[in-house]
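K.L.:
Below, each chain spelled out in residue letters.
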Amino acid sequence: MTAFKLVVVSAGLSKPSSTRLLADRLAESTVRQLGATGRTVEVAVVELRDLATEMANNFVTGFPGAALREAVRAVTEADALIAVTPIFTASYSGLFKSFFDAIDHDALTGKPVLIAATGGTPRHSLALEHAVRPLFAYLRAVVVPTAVYAATDDWGAAGDRHTDGLPHRIDRAAGELAGLLAGRGPEAPGLPEQVVPFAEQLAALRV
Amino acid sequence: MSSMQFGIFTVGDVTPDPTTGRTPTEHERIKAMVAIARKAEEVGLDVFATGEHHNPPFVPSSPTTMLGYIAAQTDRIILSTSTTLITTNDPVKIAEDFAMLQHLAEGRVDLMMGRGNTGPVYPWFGQDIRQGIPLAIENYALLHQLWREDVVDWQGRFRTPLQSFTATPRPLDGVPPFVWHGSIRSPEIAEQAAYYGDGFFANNIFWPKEHFQKLIELYRARYAHYGHGTPEQAYVGLGGQVFMRKNSQDAVREFRPYFDNAPVYGHGPSLEEFTEQTPLTVGSPQEVIEKTLAFRESFGDYQRQLFLMDHAGLPLKTVLEQLDLLGEEVVPVLREEFAKGRPAEVPDGPTHAARVAAAAAGKTSEKTSEKTDEKVEVAK
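If you're matching them up, the sequences are chains L and G in order. Counting from 1, position 183 in the first sequence corresponds to residue 238 in our numbering; the numbering is continuous, with no gaps. Counting from 1, position 359 in the second sequence corresponds to residue 975 in our numbering; the numbering is continuous, with no gaps.
One should not assume that every hint holds.
Calculated lysine-lysine pairs in the DSBU-like style (CA-CA distance at most 30 Å, straight line) [claimed, not checked]:
hint, chain 1, residue 1, chain 2, residue 2
1, G, Lys907, G, Lys956
2, G, Lys830, L, Lys152
3, G, Lys907, G, Lys825
4, G, Lys907, G, Lys862
5, G, Lys825, L, Lys60
6, G, Lys709, G, Lys647
7, L, Lys60, L, Lys152
8, G, Lys830, G, Lys907
9, L, Lys60, G, Lys830
10, G, Lys862, G, Lys825
11, L, Lys152, G, Lys933
12, G, Lys830, G, Lys956
Which residues of chain G face chain L? A few of them, derived with a C-beta cut under 7 Å, are [as the list claims (entries may be wrong)]:
hint, residue
13, Ile753
14, Glu754
15, Pro879
16, His883
What follows is a set of in silico ranges between Cβ atoms, one per label pair, in the way DEER data are often shown [claimed, not checked]:
hint, chain 1, residue 1, chain 2, residue 2, range
17, G, Lys907, L, His185, 48 to 56 Å
18, L, Ala254, G, His827, 23 to 31 Å
19, G, Pro632, L, Gly240, 52 to 60 Å
20, G, Lys907, L, Thr144, 43 to 51 Å
21, L, Glu97, G, Glu913, 43 to 51 Å
22, L, Gly117, G, Ala688, 36 to 44 Å
23, G, Pro879, L, Ala213, 53 to 61 Å
Because the hints were derived from the structure by calculation, they are not lab data. Note that beta-carbon positions come from the ideal geometry of N, C-alpha and C, so glycine has one too.
Could you build all of it, start to finish, from the sequences and the hints given here?
P.N.:
Below you can see the structure in the form of structure tokens.
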């Protein structure tokens with residue numbers, strides 16, 4: 056069976072970054088859980104840091120450069136998306152939003168998406184729910200129920216009585232994404248663009 | 617006139633000259649546009665086209681007024697638009713204004729339909745921007761009819777109905793002005809141009825070519841589908857923008873401050889990146905020739921090439937020097953080179969005389985076929 060195309064978008068800024076680390080853990084878990092059902096996955100990572108200048112240029116010129124165009128194409132053609140951002144000033148980072156501003160608003164319609172974020176303190180974890188999830192709701196993506204937030208402390212802590220630890224949450228979210236994918240076949244590449252014949256365009260206006 | 621048409625198009629922006637900090641007055645800019653049009657004819661270009669805008673810092677809100685004035689001061693050059701707002705102008709007024717201009721200019725008139733890129737123009741003129749494409753389709757359907765039928769009964773969604781209406785004056789020699797449909801992204805407009813057998817102008821000046829190849833391929837395929845000829849016989853127009861000096865380094869040195877500060881170019885990619893990704897050429901006439909000739913490889917043999925020359929706040933004197941270079945060193949070579957290997961069935965750029973002759977010979981491509989087939993798939 057053809058491999059699923061999983062694209063991981065990371066808006067981490069430092070190298071290495073904990074945002075990328077979280078993104079990789081999520082991808083790895085998704086691949087493992089799909090693998091257990093006999094499905095293979097090709098993972099491609101889009102590091103938004105590398106596209107920062109092209110994104111700024113895209114705003115100014117109105118057209119994307121070659122690398123940004125390629126990243127947008129990869130995300131548009133993906134079977135599923137893992138999108139991870141650091142939380143800045145109570146929301147997704149500007150870099151993260153800039154990338155999704157460059158994508159056609161229909162590009163993610165119906166696409167399974169796992170959202171995740173990193174932050175210095177657990178107090179901002181709901182930014183995933185009040186900022187990141189609505190962004191993808193607008194784009195009509197299918198976002199899995201579990202959004203994974205990793206505060207700095209999570210990397211050195213186990214779960215407690217009330218909350219599962221980070222590895223467990225990663226597996227749960229990835230399992231949800233894998234579950235969404237398992238019921239689907241990979242998307243056929245290069246779906247044709249429909250042109251509405253002119254007679255129909257005229258008829259719609261009753262001219 | 618040789619087979620391909622070369623000309624200039626102007627946005628009509630009032631932009632400060634970044635090297636002096638001086639902003640021309642509206643009056644100076646309007647007179648400069650006239651001087652540029654006259655110069656275009658003087659140096660042997662075929663077309664002068666003006667934009668239409670209804671907000672500062674742009675001056676050309678009334679294109680037929682300007683083109684009528686230019687018509688009186690020129691003898692040969694075709695007067696056109698880039699673009700005429702088919703969405704927010706009343707199609708009845710477009711029909712009348714351009715028919716009048718056509719008479720005054722002895723047929724040296726065509727026009728390019730566009731939807732405009734300034735959102736508030738829609739509400740300012742009582743329209744809804746979300747209806748942009750339907751407005752373009754319905755308004756043009758009416759305009760097309762007004763130019764071809766003496767008495768029109770009309771009812772549509774966007775305009776008050778017409779009963780027994782005759783747009784006057786009737787088109788010169790009974791042949792309406794040729795129409796281009798300009799678009800930078802909408803397949804619906806390529807389809808519209810193909811349906812009527814009109815021209816399609818891809819204003820490719822700010823975007824990479826791959827994007828326009830798809831649109832032009834679609835237009836050509838649909839032009840043939842509607843029975844107007846082969847895909848190669850469709851009418852394609854392209855833009856381009858240049859700054860030239862004899863010596864390439866001089867051109868780059870002189871234009872860089874204009875590029876860096878221009879409202880449409882500046883503060884984004886470098887001049888070098890921008891010239892690599894778009895048709896902008898800053899260099900010697902030879903470099904302009906090479907870049908323009910390459911358009912044919914991407915888009916096929918085409919009919920009209922328009923250059924944007926008065927951009928980025930360049931002073932009038934400089935623009936006139938640019939036109940000298942364009943007319944003397946670039947266009948003659950382009951005419952010769954584009955003529956080489958151009959198949960005989962590829963049509964010339966449209967002129968009133970040729971259209972009158974074609975109409976008389978009964979082989980005008982005016983009539984559209986009645987094919988109404990299933991959804992058409994075009995590879996993405």
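K.L.:
Next, verify each hint and record whether it holds.
P.N.:
So, going through the hints one by one against the coordinates:
1. With a CA separation close to 17 Å, the supplied pair Lys907 of chain G and Lys956 of chain G stays within the 30 Å bound.
2. Our distance criterion of 30 Å between C-alpha atoms is met by Lys830 of chain G and Lys152 of chain L, whose separation comes to about 28 Å.
3. Under the criterion of a C-alpha separation no larger than 30 Å, the hint pairing Lys907 of chain G with Lys825 of chain G is consistent with the structure, at around 12 Å.
4. Distance restraint check for Lys907 of chain G and Lys862 of chain G: the Cα-Cα separation of roughly 16 Å lies within the 30 Å cut-off, and the hinted pair is therefore satisfied.
5. Between the alpha carbons of Lys825 of chain G and Lys60 of chain L the distance comes to roughly 28 Å, so the proposed pair stays at or under 30 Å and holds.
6. Between Lys709 of chain G and Lys647 of chain G the alpha-carbon distance is near 25 Å, which keeps this suggested pair within the 30 Å criterion.
7. Restraint check for Lys60 of chain L and Lys152 of chain L: the C-alpha separation of about 22 Å stays at or below 30 Å, so the hint holds.
8. For the given pair, Lys830 of chain G sits about 20 Å from Lys907 of chain G by alpha-carbon distance, which is consistent with the 30 Å threshold.
9. Taking the CA atoms of Lys60 of chain L and Lys830 of chain G, the gap is about 25 Å. The hint holds against a cut of 30 Å.
10. About 27 Å separates the Cα atoms of Lys862 of chain G and Lys825 of chain G, which keeps this hinted pair within 30 Å; it holds.
11. Proximity of Lys152 of chain L to Lys933 of chain G is assessed by CA-CA distance (about 44 Å); at most 30 Å being required, the pair is judged violated.
12. Proximity of Lys830 of chain G to Lys956 of chain G is assessed by CA-CA distance (about 25 Å); at most 30 Å being required, the pair is judged to hold.
13. Of the supplied interface hints, the one on Ile753 of chain G holds, with its beta-carbon coming within about 5 Å of a beta-carbon of chain L, less than 7 Å.
14. Against a cut-off of 7 Å between C-beta atoms, the interface hint on Glu754 of chain G holds, since the closest Cβ of chain L lies about 5 Å away.
15. For Pro879 of chain G, the suggested interface contact is broken, since its CB lies about 10 Å from the closest CB of chain L, more than 7 Å.
16. At its closest, the beta carbon of His883 of chain G sits 6 Å from a beta carbon of chain L; the interface hint therefore holds under the 7 Å criterion.
17. Checking the proposed 48 to 56 Å range against Lys907 of chain G and His185 of chain L shows it holds: the Cβ atoms sit about 50 Å from each other.
18. Look at Ala254 of chain L against His827 of chain G: about 27 Å separates their beta carbons, and that is inside 23 to 31 Å.
19. Taken as a hint, the range 52 to 60 Å holds for the pair Pro632 of chain G and Gly240 of chain L, whose Cβ atoms sit roughly 57 Å apart.
20. A hinted range of 43 to 51 Å holds for the C-beta pair Lys907 of chain G and Thr144 of chain L, which are about 44 Å apart.
21. Remark: the range hint 43 to 51 Å for Glu97 of chain L to Glu913 of chain G is contradicted by a beta-carbon distance near 34 Å.
22. Between Gly117 of chain L and Ala688 of chain G the Cβ separation comes to about 37 Å, which falls inside the hinted range of 36 to 44 Å.
23. Between Pro879 of chain G and Ala213 of chain L the Cβ separation comes to about 57 Å, which falls inside the hinted range of 53 to 61 Å.
Checked against the numbered hints given earlier, this structure breaks hints 11, 15 and 21; the rest are met.
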